[in-house]
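> One letter stands for each residue in the lines below.
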Amino acid sequence: MTEANITLAHGSGGMAMHRLIRELFLEVFADAELSRLEDQARLPGMAGRLALTTDAFVVDPIFFPGGDIGRLAVCGTVNDLAVGGSNPLYLSCAFVLEEGLPLADLYRIVRSMKQAADEAGVRIVAGDTKVVPKGAADKVFITTCGVGEIPNGLELESTRIRPGDKILLSGPIGDHGAAVLAARGELGMDCPVASDCRPLNHLVAHLLTACPHGVRALRDPTRGGVAAVINEWAWACGGCLRVFEMHVPVREEVRGLCELLGIDPWHLACEGQFLAVVAPEVAESALAALRAHPDGREAALVGEVSALPARTAVLHTVLGGERLLDLPEGEPLPRIC
Amino acid sequence: MRFLSEFRDPSLANAWVRRIEAHLSGLQAPLPIMEFCGGHTHAIFRYGLHQILPSAIEWVHGPGCPVCVLPRAAIDLACTLAQDPAVILASFGDAVRVPGSSGSLLSAKAQGGDVRIVYSPLDALEIARRHPEREVVFLAIGFETTQPATALTILQAEREGIANFSVLCRHVITEAAIRAVLADPDVRLAGVIAPGHVATVLGANAFAFIPKEYRIPTVVSGFEPLDLLQALCLLLGQLAAGRCALDNQYRRSVRPQGNLAAQKAIAQVFEPIGSAEWRGLGRLPASGVRIKERYGRFDAERRFGVTAQTVEEEPLPCSQVLCGKLKPKACPYFGTRCHPEQPLGALMVSSEGACAAWYRYQGE
Numbered sequence: 001m002t003e004a005n006i007t008l009a010h011g012s013g014g015m016a017m018h019r020l021i022r023e024l025f026l027e028v029f030a031d032a033e034l035s036r037l038e039d040q041a042r043l044p045g046m047a048g049r050l051a052l053t054t055d056a057f058v059v060d061p062i063f064f065p066g067g068d069i070g071r072l073a074v075c076g077t078v079n080d081l082a083v084g085g086s087n088p089l090y091l092s093c094a095f096v097l098e099e100g101l102p103l104a105d106l107y108r109i110v111r112s113m114k115q116a117a118d119e120a121g122v123r124i125v126a127g128d129t130k131v132v133p134k135g136a137a138d139k140v141f142i143t144t145c146g147v148g149e150i151p152n153g154l155e156l157e158s159t160r161i162r163p164g165d166k167i168l169l170s171g172p173i174g175d176h177g178a179a180v181l182a183a184r185g186e187l188g189m190d191c192p193v194a195s196d197c198r199p200l201n202h203l204v205a206h207l208l209t210a211c212p213h214g215v216r217a218l219r220d221p222t223r224g225g226v227a228a229v230i231n232e233w234a235w236a237c238g239g240c241l242r243v244f245e246m247h248v249p250v251r252e253e254v255r256g257l258c259e260l261l262g263i264d265p266w267h268l269a270c271e272g273q274f275l276a277v278v279a280p281e282v283a284e285s286a287l288a289a290l291r292a293h294p295d296g297r298e299a300a301l302v303g304e305v306s307a308l309p310a311r312t313a314v315l316h317t318v319l320g321g322e323r324l325l326d327l328p329e330g331e332p333l334p335r336i337c
Numbered sequence: 001m002r003f004l005s006e007f008r009d010p011s012l013a014n015a016w017v018r019r020i021e022a023h024l025s026g027l028q029a030p031l032p033i034m035e036f037c038g039g040h041t042h043a044i045f046r047y048g049l050h051q052i053l054p055s056a057i058e059w060v061h062g063p064g065c066p067v068c069v070l071p072r073a074a075i076d077l078a079c080t081l082a083q084d085p086a087v088i089l090a091s092f093g094d095a096v097r098v099p100g101s102s103g104s105l106l107s108a109k110a111q112g113g114d115v116r117i118v119y120s121p122l123d124a125l126e127i128a129r130r131h132p133e134r135e136v137v138f139l140a141i142g143f144e145t146t147q148p149a150t151a152l153t154i155l156q157a158e159r160e161g162i163a164n165f166s167v168l169c170r171h172v173i174t175e176a177a178i179r180a181v182l183a184d185p186d187v188r189l190a191g192v193i194a195p196g197h198v199a200t201v202l203g204a205n206a207f208a209f210i211p212k213e214y215r216i217p218t219v220v221s222g223f224e225p226l227d228l229l230q231a232l233c234l235l236l237g238q239l240a241a242g243r244c245a246l247d248n249q250y251r252r253s254v255r256p257q258g259n260l261a262a263q264k265a266i267a268q269v270f271e272p273i274g275s276a277e278w279r280g281l282g283r284l285p286a287s288g289v290r291i292k293e294r295y296g297r298f299d300a301e302r303r304f305g306v307t308a309q310t311v312e313e314e315p316l317p318c319s320q321v322l323c324g325k326l327k328p329k330a331c332p333y334f335g336t337r338c339h340p341e342q343p344l345g346a347l348m349v350s351s352e353g354a355c356a357a358w359y360r361y362q363g364e
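Protein chains in written order, with this note's numbering: chain E, 1 to 337; chain Y, 1 to 364.
These are computed hints drawn from the structure, not numbers from a lab. Warning: the hint list may mix true and false statements.
[As the list claims (entries may be wrong)] When the alpha-carbon atoms are kept at most 25 angstroms apart in a straight line, the in silico BS3-like pairs for lysine-lysine are as follows:
1. E:Lys114 x E:Lys139
2. Y:Lys109 x E:Lys134
3. Y:Lys212 x Y:Lys325
4. Y:Lys264 x Y:Lys292
5. Y:Lys109 x E:Lys139
6. E:Lys114 x E:Lys130
[Stated by the list, open to error] Derived contacts from chain E toward chain Y, CB cut-off under 10 angstroms, selection only:
7. Glu186
8. Arg255
9. Leu260
10. Gly262
11. Asp264
12. Thr312
13. Thr317
14. Leu319
15. Gly320
16. Glu322
17. Asp326
18. Leu327
19. Glu329
For each residue, glycine too, the CB sits at the ideal point set by N, CA and C.
Could you build all of it, start to finish, from the sequences and the hints given here?
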């Protein structure tokens with residue numbers, strides 16, 4: 001590739017597009033199935049049930065401390081599969097490129113996707129590229145599809161949450177939201193926080209191996225943060241999910257940014273943490289298992305489930321008062337993922 | 001986190017609650033205490049302070065949320081300006097959701113208006129520097145807390161000779177709103193928690209008129225939970241001792257005379273106007289400021305000569321909530337026709353408004 005920037009020719013179906021596919025995508029992704037260049041990936045059948053997810057990534061800026069749009073696309077898709085208890089296997093990715101995007105940026109993003117896919121142990125087996133005129137998109141948008149296999153007998157579902165259950169969190173919250181917000185450079189301050197963007201499938205598998213029974217539901221708190229997941233679970237199970245502010249890990253840098261901007265860490269997106277609801281009898285062993293894994297050292301027991309008040313998410317404050325764990329209003333942070 | 005978690009320490013908070021309980025034994029309940037400032041309202045709900053305090057303490061949430069009291073007409077004017085393709089309208093984030101007659105700045109943005117969220121008026125000035133071909137208008141709102149920053153930005157623009165920057169000035173005066181509430185014969189308060197940020201600028205003495213003229217014990221307070229608990233304790237101490245005076249709890253920020261440089265900037269750029277419109281309170285005398293003639297070229301209203309059609313608000317019970325006569329939840333519109341996504345009344349507009357804080361943290 002000799003050009004410096006993406007042009008409309010790279011999406012034309014002609015020579016330039018073929019060079020882009022062969023010299024960039026096939027070279028970096030290095031997958032036999034992808035390299036066949038058929039119109040579809042052909043994959044073996046599986047013993048368990050099929051899990052399918054799709055996601056679009058439009059994060060701004062495309063590079064931020066701790067990650068970039070490519071790493072985010074792979075991790076986000078892998079994590080959506082993982083929290084259903086499935087073993088992520090294959091990804092597809094479709095790129096919408098804005099005319100003028102530096103090729104060096106695209107290389108960097110694609111390499112980062114490959115690295116994240118290798119970390120997760122998934123294969124990128126299908127792809128598509130479109131180029132739109134300058135101004136019709138912002139640099140690059142990525143849409144993914146992910147396929148995984150759910151072992152037979154495993155049922156993770158929010159409707160299975162019941163009174164007495166405990167709520168676990170895999171680590172500190174809000175890093176991704178804070179990192180992207182700071183990286184936009186609109187705040188005029190340095191915030192030394194990196195996105196937590198990482199694949200969670202190994203940590204989830206580790207938890208499910210240690211506690212094959214008693215894990216009710218898992219969810220990664222992305223947009224809307226922890227507050228959104230806790231509220232969705234409360235509605236789904238019909239009970240009350242109570243979170244203890246004092247036990248929720250939040251990094252000092254993230255807390256400081258939130259204080260300055262008047263936002264709550266509960267509303268900030270994570271891209272490398274998950275919440276788990278577990279039966280009370282396995283809570284201790286589940287927490288111990290998480291903490292024993294290198295990705296789960298900062299895991300904590302953060303809350304519990306009761307029957308009443310029905311369909312309510314409650315925050316028990318550091319001072320001992322209680323209030324609703326509210327959902328964010330409007331759109332506090334557009335284009336966070 | 002240093003200088004933050006100390007002020008939220010649960011064991012210290014408990015100790016203050018016990019002191020408050022001890023003071024209460026000699027006092028007749030209930031004790032209606034007004035916190036004027038929306039920042040205090042938000043802190044009370046956010047930390048659940050009202051739940052750890054004895055029920056004898058009855059919080060009356062005052063009108064001190066600048067976003068909430070922003071009148072429809074101001075939003076209508078800002079939306080009209082934002083629709084001009086030459087204009088970039090810069091605003092604080094919480095003001096863009098405030099509803100006008102036919103929509104908010106957020107809806108003006110969705111219709112193609114160039115509305116930018118800024119954290120400081122200096123950010124708006126920076127946009128003007130970077131876009132000399134456009135007109136940048138900053139929607140300036142707030143009490144005396146935010147007035148110095150607007151004033152200094154106008155002075156900076158003048159020094160640099162920036163010709164494409166102006167301010168739609170809707171700053172208001174704290175004292176006028178406090179007087180409006182306290183003058184209501186139905187409002188009976190045992191004490192007032194005075195706003196710590198306004199006092200940082202104007203000085204604690206700016207609130208001496210409350211104990212002096214209205215005979216209500218007053219304490220200037222900070223915004224952390226321990227600040228509020230200590231302030232409450234000072235108030236009850238006054239009541240228990242039969243005193244009626246002004247105490248300053250927020251001494252790490254508030255001096256008796258305030259910040260003289262900030263006051264000078266305000267006096268240099270702004271002048272009082274006869275009256276100003278407040279959402280929920282109506283038109284109040286001596287409650288607003290405008291940009292002085294000398295800096296008239298930075299006044300967006302003089303510069304653009306725009307007007308906007310404003311539809312009259314339907315009569316709502318907001319002023320009764322503001323005066324503590326009606327609890328937010330007892331309002332017939334609360335959570336039905338009036339909620340944070342679609343606020344009808346002033347107090348539902350921003351999370352510092354009593355109704356929105358109640359809705360958000362206490363539920364329907």
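> The structure should be examined with respect to each hint, and the outcome stated for every one.
The hints, checked one at a time:
1. The suggested pairing of Lys114 (chain E) with Lys139 (chain E) holds, with an alpha-carbon distance near 20 angstroms, which does not exceed 25 angstroms.
2. Pair hint Lys109 (chain Y) plus Lys134 (chain E) holds up; C-alpha atoms about 22 angstroms apart against a cutoff of 25 angstroms.
3. Distance hint between Lys212 (chain Y) and Lys325 (chain Y) is fulfilled; the C-alpha atoms sit about 24 angstroms from each other, no more than 25 angstroms.
4. A C-alpha spacing of about 14 angstroms is found between Lys264 (chain Y) and Lys292 (chain Y), which places the hinted pair at or below 25 angstroms, so the restraint holds.
5. For a cut-off of 25 angstroms, the pair hint linking Lys109 (chain Y) to Lys139 (chain E) stands: about 22 angstroms separates their Cα positions.
6. Taking the CA atoms of Lys114 (chain E) and Lys130 (chain E), the gap is about 20 angstroms. The hint holds against a cut of 25 angstroms.
7. The interface hint given for Glu186 (chain E) holds, since its Cβ lies 7 angstroms from the closest Cβ of chain Y, which is under the 10 angstroms cut-off.
8. A hinted interface residue such as Arg255 (chain E) counts as satisfied when its beta carbon comes closer than 10 angstroms to some beta carbon of chain Y; here the least separation is about 5 angstroms, so the hint holds.
9. Because the closest C-beta pair between Leu260 (chain E) and chain Y is about 9 angstroms apart, less than 10 angstroms, the hint holds.
10. Of the supplied interface hints, the one on Gly262 (chain E) holds, with its beta-carbon coming within about 8 angstroms of a beta-carbon of chain Y, less than 10 angstroms.
11. Interface hint at Asp264 (chain E): satisfied, since its Cβ lies 8 angstroms from the closest Cβ of chain Y, which is below the 10 angstroms cut-off.
12. For Thr312 (chain E), the interface hint holds, since its Cβ comes within 10 angstroms of a Cβ in chain Y; the closest pair sits about 7 angstroms apart.
13. Annotation: Thr317 (chain E) was flagged as interfacial toward chain Y, and the flag holds, the nearest CB pair being 5 angstroms apart, inside 10 angstroms.
14. Restraint check, Leu319 (chain E) versus chain Y: the minimum CB separation of about 5 angstroms is within 10 angstroms; hint holds.
15. With 10 angstroms as the threshold, the beta carbon of Gly320 (chain E) comes within range of chain Y, its nearest partner Cβ sitting at about 5 angstroms, so the hint holds.
16. Hint on Glu322 (chain E) holds. Least Cβ distance to chain Y is approximately 5 angstroms, under the 10 angstroms limit.
17. A hinted interface residue such as Asp326 (chain E) counts as satisfied when its beta carbon comes closer than 10 angstroms to some beta carbon of chain Y; here the least separation is about 4 angstroms, so the hint holds.
18. The interface hint given for Leu327 (chain E) holds, since its Cβ lies 9 angstroms from the closest Cβ of chain Y, which is under the 10 angstroms cut-off.
19. A cut of 10 angstroms between beta carbons decides the hint on Glu329 (chain E): the least distance to chain Y is about 6 angstroms, and the hint holds.
In summary, this structure violates none of the numbered hints.
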